[in-house]
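J.: Add chain B to chain A, keeping to what the hints say.
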Amino acid sequence: MTRPYDAIIIGAGHNGLVTAAYLGRAGKRVLVLERRHLVGGAAVTEEIFPGFKYSVFSYVVSLLRPDIIRELDLASHGLQILPLESTLTPLPNGDYFMAWGDHDLARQELQRHAPRDVEAYDEFGRLMHHMAMAVRPILGMIPPDPTSLSPGDLKSLLKLGKHFHDLGPERFHMLYRLMTMSSADFLEDWFECEPLKATKSASGIIGTFLGPRSPGTAYVLMHHYMGDIDGAFRAWGFARGGTGAISEAIAGAARAAGVEIRTEASVERVMVERGKAVGVALEDGTEIRARTVVSALDPRRTFLQLLDQSLLPDDLIDGLRRYRYRGSSGKVNLALSELPNFTCMPGPGAHLAGAISISPSIDYLERAYDDAKYGEFSRRPFMDCIFPSVIDPGMAPPGQHVMSIFVQYAPYDLNGGWTDAKREAFGDAVIDTLAEYAPNLKSAILHRQVITPKDIEDIAGLTEGNIFHGELALNQLFFLRPAARWAKYRTPVKRYYQCGSGTHPGGGIMGASGRLAAREILADWRGS
Amino acid sequence: MTPLQLNTTPFHQRTAALAQGHAWRRWAGHAVLGCYQLHHDREYAAIRSGSGLIDVSPLYKYLIHGRDACRLLNRIVPRNVAKCQVGRVLYTPWCDSHGKVIDDGTISRLGEKTYRLTSADPNIRWLTDNAGGMDVVIEDVSRSLGAVALQGPTARDILARVADAEVESLRYFHLTEGTIRGIPVTISRTGYTGDLGYEIWVAADRAVPLWDALVETGADYGLLPAGILALDVARIEAGLLMIDVDYVSAHRALIDSQFSSPYELNLGWTVNLEKGPFNGRDALVAEHRHGPTWAFVGIEVDWEGLIELYAAVGLPPQLPTTAWRISVPLYVGRTQVGYATSGCWSPVLKKYIALAHVETRFAAPGTAIEMEVTVEHHRRPVAVTVVKTPFFDPERKKAGAAGQRGSGAGDGT
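Protein chains in written order, with the working numbering: chain A, 69 to 596; chain B, 7 to 419.
Extracted from the complex, chain A is given alone in its bound form (with noise of 0.2 Å):
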């Protein structure tokens, strides 16, 4: 008889595999469940169109953490991160603005459209080294409890008050300022150049139901800024393969580690027996028991959907309902004949080995979230595109193309709800407004699969199709991700844990959540 599992990961998306290769390495006897065919979650690769692979929800990676690529030794099992060197940005009077990679160009560019903005750019990288800096100890923290007065969370608080003390009046009352304005406020304060306003405010927008001038959004900003301070491994990238790449190589990992992955196995509901945890039961009504059980599912699932509520206290089930995800964003993928012709940037180029951002300014990004607010998609949204193909050859035939277009804002919570005929409305927005820019695109698409938040939540499993699990708000980070009081990766129930990007500090293909959790479960268990 073999030995029973000391944990099941509930759902292989990339924080439950990374929490599964952690356990794994440990020597502990895992097992992952996935309800899909395939491992990665919201990270997957799929040819939905024969010889053309789609990262069908995700598109690129920076904040995979370091310590995770190295400790799992993800380059080993095929994690390979080519350059994404650029951004350009078309403009609707036929110029454009490149944000280029090398220091030299990008400051040619900035002379041409601000030239004061050539200093400010120094100057504003410098101050958020400096606050990514400020902030990045607490992505590697598990959240204290400001209001308890136990001794490790009074440790960790008196920790993380000193950190701030350290940072000196001049970078505190800074990031107090990027705690508490709009993207476009922050923004407003160093540049005049409007399309890189506008290009940066984005960054601050992705995956909230927020707009660049919503109070809050200079955080998330600052938030895709993490990706950017770690030396040797690159700031904005492309995995090859896709993302799906990232998630097989933790896979890799995993079972490099003696970890279990079976796939096509969809858990039902958690056992619980005298307060505890003990197993799962599938749908097809297989029970699987284990010491452990971790849900890498997102906290509405976790606790309300694989929970019988009863087990739950009041203030949890309150603090859940009031954790919000309202997903604002689709995704067009495209399976191209040939690649677009930018009318500014006409022909092959640099420009498209890197992104393309329709977001020429802040009253343009605004008036995108204004149609979503009020319950439309964006008749002409922002849109963060790449051509996977030009970068990694091996995603579409030689000489065809693959586009991937990140859309926002598309609501959940559309007037009348998601339709066929209202998803393809959104395609055709989408294609619509990228025409205008490049004109031959439309007779160059061979296939198009328009992805909207109902879709993700329907097919990758997220709720309400939020791509971080929950907006990246500042009312749900930290210590209350994804609720009061159960910050720290555990449940109300005994052996039951959560790791997913619902969790501290969540939020794009970064790891960290599922690494921290696997540190508190394997503290238990030593604790035991």
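Since the hints were derived computationally from the structure, they do not count as laboratory data.
Predicted model, so just to flag it, every value in this text is computed and none were measured.
Every residue gets a Cβ at the ideal spot worked out from N, C-alpha and C, and that includes glycine.
Keep in mind that the hints are not guaranteed to be accurate.
[What the hints assert, rightly or not] If we take Cβ atoms under 10 Å as the criterion, some of the chain B residues that face chain A in the derived model are:
| no. | residue |
| --- | --- |
| 1 | Leu10 |
| 2 | Gln11 |
| 3 | His36 |
| 4 | Arg131 |
| 5 | Trp132 |
| 6 | Asn136 |
| 7 | Asp146 |
| 8 | Ser148 |
| 9 | Arg258 |
T.: Frame of chain A; chain B shown alone:
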């Protein structure tokens, strides 16, 4: 569509044609040649024996004009700009509010209310932010104005022959207007080599014929176009510091230890605490009172020591073939007391020299310390001595033409 290329200088058409090894390097966003020939030896030699013609157009250049032009500059730099008369040039660093150096360059007074500032980094935002409420117009002429340095013992003779300008009587750190083959130019007796030399400022669209005129005339005087590798050796010999190599701009420094004050860069002589308020003054007053922690000095490597280290592995001494720009630790015993930031073999002095940051107590000339050298893959300490800069300071740098009286010292380098 902007071609995906670095900027080129107004002399590019000529310089590119001379690039034997296509040894392009970056300077302030421009492509310039490290050396024209396959090695920079002869180009450097020209600077010290004939003349080197160096394209210095990548410098940032700002024209500052108006009733408050002097007031603006006096607010920004620690030197007293009010003392700069028309036709004079002064070198100065400038600081942030904490008295830490942002950049350094020259200020030329072109007219009663007109100045030109040169800098290594863009400064338009810094200038305009400091000009609030002032009656002054700031114009970025970086791209519209070309600049070429003619440096070396024959530089005056070349200019005297080709230029219609008062060159023979032009004193150190003075400037004059004139023409060269009909091309209007400003000629300043300035440079980055510590030698007799001039910088010639010309409208970008007249740069190529100016180059031709200088090269043709210079042919009889040992003129060679010289790239920035040769310039780097010359500027180290002259003890002149370089931003991003010898110090970090206060606008880019990330941690406290990366900032430098003028005192710490051996530029205390540029700081005039009596002239009235200027950026960083309060911090500099305090630092002046307590004395700086760091000093920027010249060091000379002990030749015998170097020979011994190499003899021990059976080799003659190996010397750097180009100027190096890396941080090299300096020790007293086992304690690190500083670091050198640029160094080279000086062909004219026949000495191995370097520019270095040391704790002030080790800054006095004659102080014996040690520098790390790598001898056949092994790190070894070699004796070095702190010496006065400039290492190389020929009389001709400031002297008048034969039969002219020497131009005054104290004009400031």
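J.: Evaluate each hint against the coordinates.
T.: Here is how each hint holds up against the structure:
1. About 6 Å separates the beta-carbon of Leu10 (chain B) from the nearest beta-carbon of chain A, less than 10 Å, and the hint is met.
2. Because the beta carbon of Gln11 (chain B) sits about 9 Å from the nearest beta carbon in chain A, less than 10 Å, this interface hint is met.
3. At about 8 Å, the closest approach between the beta carbon of His36 (chain B) and any beta carbon in chain A falls short of 10 Å, and the interface hint on this residue holds.
4. The closest approach between the C-beta of Arg131 (chain B) and any C-beta of chain A is roughly 4 Å, which is under the 10 Å cut-off, so the hint is satisfied.
5. The restraint placing Trp132 (chain B) at the interface with chain A holds, with a minimum CB-CB distance near 6 Å, inside the 10 Å limit.
6. A cut of 10 Å between beta carbons decides the hint on Asn136 (chain B): the least distance to chain A is about 12 Å, and the hint is violated.
7. Hint status for Asp146 (chain B) relative to chain A: holds, with the closest Cβ pair at about 6 Å, below 10 Å.
8. Hint status for Ser148 (chain B) relative to chain A: holds, with the closest Cβ pair at about 9 Å, below 10 Å.
9. At about 6 Å, the closest approach between the beta carbon of Arg258 (chain B) and any beta carbon in chain A falls short of 10 Å, and the interface hint on this residue holds.
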